[in-house]
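**Student:** What follows is each chain in one-letter form.
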Amino acid sequence: MSALRVRVWRGGADGAFREYEVPRRSSQTVLDVVTYVQRQLDATLAYRYSCRVGMCGSCAMTVNGAPRWTCRTHVDKVARGDRLEIAPLRNLPLIRDLVTDMREFFDKWARAKGQFRGERSRRDAVARVSPDSAQRRLADVNIECIGCAVCYSACDVVAWNPQYLGPAALNRAWTLANDERDTAQAERLRAVAGDAGCHACHTHMSCTERCPKGLSPTAGISGLKRAVAVAALKGEL
Amino acid sequence: MNVRGETRLWIAQRASAAVLALCVLVHLATIIYAVRGGLTGAEILARTRGNAAWFAFYAIFVLAVTVHAPIGLRAVLGEWLGWRGRSRDIALVVFAMLLAWLGMRAVLGVFR
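Chains as they are written, first to last, in the numbering used here: chain X, 1 to 237; chain P, 1 to 112.
One chain only, chain X, in its complex shape (with noise of 0.2 angstroms):
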């Protein structure tokens, strides 16, 4: 097999990329590229993972330049010839490496009102919420969401607007209003609106274009915004 050449961001954000020779195999994923760079060549390296099957959402660079879940890209899909850029996400804080911090992005989960919030207890009966319900379809479409924050790297605007929620926490918020259980309804349209939330996307979907999972949080926002304007006419915002 023919050798992979590889350039790997080192260092924080004034380091620089750093290249290495990796040989090439069969079914190889970005993330066994990483892996075999920390593992055989250089052991300081440092990058996140935990899952390896697309379930974890932590194994998230920059790979040629776009966001993507190392775990489950092929090399052989992504690679230009012989070559490999590795960086850490964009949009977050780099701590070392291809490691980001990662705490804004899930702060803005939780000022997006990511949280369920219901009414019952646990001594009541389990709510039952018909699977045929145009609520609980719209739900579905973006409900299988694993945190990865390539949405939120893809985004230009949060580049632009460092306060913008961003697509993932958006996209649970639009999750949660369509969940019929949920009772903090109007709390979280003011939550997710104005300049920091779903009425500063651009509709450029590079969301939805990036999201490992085919999810639109593209669509989600619009669902937000739909629901902010009807609210607001109402009064009830």
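Hints listed in this document are in silico derivations from the structure and should not be mistaken for laboratory results.
You can trust all of the hints, since none of them are fake.
If you want the ones that stay clear, here's a sample from chain P, every Cβ over 10 angstroms from chain X, calculated:
id	residue
1	L39
2	V94
3	W101
With a cut-off of at most 20 angstroms between alpha-carbon atoms, the simulated SDA-like pairs for lysine to any residue come out as follows:
id	chain 1	residue 1	chain 2	residue 2
4	X	K234	P	N2
5	X	K234	P	L9
6	X	K234	P	G5
7	X	K234	X	S222
8	X	K234	P	A12
9	X	K234	P	I11
10	X	K234	P	A15
11	X	K234	P	R14
Simulated restraints on C-beta separations:
id	chain 1	residue 1	chain 2	residue 2	range
12	P	L25	X	E187	40 to 46 angstroms
13	P	L81	X	E180	38 to 44 angstroms
14	X	E119	P	A29	54 to 60 angstroms
15	P	A91	X	V126	51 to 57 angstroms
16	X	M55	P	V94	50 to 56 angstroms
Quick caveat, the model's predicted, so the values are computed rather than measured.
Backbone N, C-alpha and C define an ideal beta-carbon position, used for all residues, glycine too.
Since the structure of chain X is provided, determine the placement of chain P on it from the hints.
**Tutor:** Chain P only, in chain X's frame:
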């Protein structure tokens, strides 16, 4: 600005965009129709002078632009120059008034 104000601005921009879409279509169709026999200033004035319907149409057009453009510019200023807050909104109110004045001046110019 609070979220209620921001939401109102968003609704105003969407509504004015819908009005503009219609106005631009009518305006373009009129241009295409009007130039078929050649175009002169006298011909335009003959159509618009004293015509209340054209006056109302272009007044609505100007009003929609006055609402739509400053709200769009507000986002551009915030995202590209980092200009937010009260000073930006005051500057944009002035800009809206300028648009309204220039636009209505032109509409009245072909009506009177």
